[in-house]
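Given only the sequences and the hints, what does the whole structure look like? Please build it.
Same order as they appear, the protein sequences are chains A and B. When you line the first sequence up against the UniProt record's numbering, it's residues 1 to 420, in that order. When you line the second sequence up against the UniProt record's numbering, it's residues 1 to 331, in that order.
What the hints contain is simulated information worked out from the structure, not anything from laboratory work. There's no promise every hint is true.
[Claimed, not checked] When the alpha-carbon atoms are kept at most 25 Å apart in a straight line, the in silico DSS-like pairs for lysine-lysine are as follows:
(1) A:Lys-260 <-> B:Lys-89
(2) A:Lys-355 <-> B:Lys-309
(3) B:Lys-89 <-> B:Lys-104
(4) B:Lys-177 <-> B:Lys-238
(5) A:Lys-407 <-> B:Lys-107
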Amino acid sequence: MVEPIFNTERHVKYYLRCLKTFLPSAYISNDSNRMLLAYLTLGGLDVLGVLQSKTTPEERQGYIDWLYHCQVPTGGFRGFSGTNFGDERRTADNEAWDPANVPATFFALVNLLILGDDLSRVKRRECLEWLPKLQREDGSFGEVLGPNGTVEGDRDLRYCCCASGTRYLLRGRTGKSVEDVPDIDVSKLISFIEACQSYDGGIAESPFRESHSGHTYCAVGSLLFLRQGTDNIEPAQLVSPGSAKFEALVGWLASRQTDKLLGEEEGEEEGEEDETEGDNQEVSPATEAETGTESVDDLIRGLSGMTPIAGDTISCAGFNGRCNKLADTCYSFWNGAALLMLDRYSVIDDARNRKYLLEKTQHLVGGFGKGVGDPPDLLHSYFGLVSLAFQGEAGLAEVDPALVATKRTVQHLHSLPWWS
Amino acid sequence: MAEGYANDTEWANVTPIELDDGSESGAMPLATIAYPPEYLEATSYLRAVMAANEMSERALKLTKDVISMNPAHYTVWIYRARILFALDKDLVEELNWLNGVSLKYLKNYQIWHHRQVLVSSRTHFPTMPTKEPDFLMEMFAQDSKNYHVWTYRHWLVRHFKLWDSPREIEDVETLIKADVRNNSAWNHRYMLRFGPRDDEPDAGMVNAGKSQSKPEEKGRLPVVDEDLVDEDLKYAQKQILRAPENRSPWWYARGALHAAGRSLGEWEEFVAKFVEGDEVKSSHAVEWLADVYAEAEKTKAVEMLTMLKDKYDPIRKNYWDYRIRMLGQVA
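Listed below in structure tokens is the structure:
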């Protein structure tokens with residue numbers, strides 16, 4: 001059998017194209033997420049180990065200047081330069097239309113760190129003063145502050161994670177010189193996150209919603225970020241090995257691995273929206289008569305037995321993000337990163353995950369697609385790379401699962417004054 | 001679509017604010033997009049009206065134009081909602097427009113949040129807009145597991161106290177009937193049956209997150225209607241029989257038992273019928289038995305886990321080994 005190959009050169013080319021040429025117009029629906037797109041690009045080049053060699057110091061300085069160009073005068077960062085109508089026009093009445101954005105602030109800070117900036121131009125105090133204003137009564141965080149300081153955006157763990165991450169980056173180990181800035185309500189946030197665990201062990205965007213791997217990652221990430229600087233708070237059950245919540249979570253994450261792949265499903269003509277995972281069993285129709293006339297015993301007796309599955313018949317297995325959905329590249333990352341943070345990565349089948357990524361979603365021109373045969377995009381490319389980096393793929397830098405940046409970037413963070 | 005704002009008399013008194021991407025001050029923009037000219041023009045007028053905090057009909061029209069090109073723009077929606085309320089616009093009309101936009105951009109979530117912002121106005125909607133459930137079913141016909149649509153529906157239930165509304169459970173059952181593996185529908189059913197019956201912001205946390213409650217009490221109902229739980233368990237059994245390898249009803253049943261403070265052992269007899277000697281009719285039944293045996297019969301539990309690892313679930317071999325080790329046994 002031919003060993004799957006990780007095509008470093010192609011990936012580097014793909015990323016350099018994304019960095020140095022215009023993204024196609026189709027990306028305008030992602031205009032407001034440019035800070036995230038920037039992170040996916042810089043992060044990809046850093047994980048590939050070529051950020052320093054393929055960009056000049058002048059270019060890196062230019063990128064740093066653009067990131068600071070996206071900083072809002074009152075602290076925090078915009079998601080893109082498109083909301084900026086000029087500092088000279090900014091007033092208390094219109095500033096809500098050009099607000100700092102929670103995810104963008106986190107990604108801007110990570111971008112600066114990836115580029116080796118020392119964050120000296122970050123309005124650190126203002127940013128930390130802004131954070132608690134985004135926290136709601138129930139402990140969750142919003143996305144932006146609207147008119148009159150209202151908290152806008154869904155109740156959603158993504159914002160909780162980016163807020164916890166920002167607090168982590170800027171307060172650091174010692175909170176040096178910001179001791180007097182009021183902190184967020186950490187216990188309330190932890191309570192909110194724990195309430196998001198669903199009956200099946202996974203974690204949803206908010207309490208009693210359906211568990212989802214992206215939100216599960218955000219929950220675990222937040223809890224790890226929050227550990228820093230809160231020694232007096234009892235660790236959350238969710239991240240305490242041996243607790244029922246922890247073990248249910250690990251079991252749910254392990255259950256996400258599947259050989260039913262998006263792009264390879266039967267009845268593919270139904271298109272992308274149909275991401276339902278089938279199994280090889282027939283579904284009986286749901287008729288009243290069926291259970292009305294026969295006893296449950298008879299019905300079970302009538303079911304056919306499963307055929308044992310030989311291990312060597314399954315070569316690839318990726319991950320889905322919800323129960324009964326199909327594998328998609330980014331979920332190799334979301335589930336894998338959560339398991340890595342919980343120190344339980346070993347429960348998954350890494351060899352089959354690697355084969356899935358390399359043989360099924362790695363693209364010929366470089367990058368990764370979402371499903372089998374899909375064209376590459378920035379998000380799936382980065383998460384495909386990082387999932388392989390977690391498994392020690394040759395040629396990729398080691399990646400920290402919480403910050404989702406290279407160990408080099410994390411070391412740089414730890415060299416900042418408030419971390420020593 | 002934009003016909004060109006620069007030549008439109010309605011916009012003659014507005015000076016557009018060009019995009020300042022920082023390049024003039026020497027910065028090198030990241031994630032640059034090949035913007036079409038009509039997008040650049042519309043957004044430069046948007047910056048101008050936003051800077052003036054203008055609440056007007058023309059600004060409202062402009063937001064629609066920008067949304068049609070970039071529905072994920074995070075401030076344009078907040079601005080639009082603000083204008084709608086300021087001009088006292090007909091919100092039902094807005095909902096009708098949103099229906100079309102939602103069907104066009106199935107993966108967008110800002111649209112749903114905007115809908116929630118509008119419908120949450122008690123002044124305009126003291127009760128649920130009557131066409132909501134029909135429209136949501138239309139959305140589910142496109143994608144029955146759309147996360148944002150389910151989030152909105154969850155919010156509707158809490159906001160208008162619809163836990164016992166016949167339409168809710170009917171729609172859930174229709175969707176499960178059409179696709180028994182629709183885990184989103186199963187989850188919604190769980191929320192209707194076992195979720196907190198309060199629309200306070202932290203109601204979702206009453207039994208799940210209070211820091212003073214003991215971990216084993218979390219997720220439990222304060223008062224249990226045993227008949228309702230029995231009915232639900234019977235429903236789950238019926239659906240398991242339709243497709244025994246489908247995880248959703250198995251986990252639903254676990255959740256129902258947990259919420260009621262009842263044990264997995266209660267289903268031992270039912271579950272054992274799926275595992276008779278070498279004939280296994282559901283791997284989830286094997287796992288269920290392993291959990292039941294884990295309490296007092298560790299050897300039997302290991303037998304079950306070994307069966308999963310060797311025969312029925314080889315992808316999770318490492319996980320089943322982990323579970324065997326957790327029982328204090330050698331894998």
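Results of checking the hints against the structure:
{"no.": "1", "hint": "A:Lys-260 <-> B:Lys-89", "verdict": "violated (48 Å)"}
{"no.": "2", "hint": "A:Lys-355 <-> B:Lys-309", "verdict": "holds (20 Å)"}
{"no.": "3", "hint": "B:Lys-89 <-> B:Lys-104", "verdict": "holds (23 Å)"}
{"no.": "4", "hint": "B:Lys-177 <-> B:Lys-238", "verdict": "holds (11 Å)"}
{"no.": "5", "hint": "A:Lys-407 <-> B:Lys-107", "verdict": "violated (34 Å)"}
Against the hints set out earlier in the document, violations occur for numbers 1, 5.
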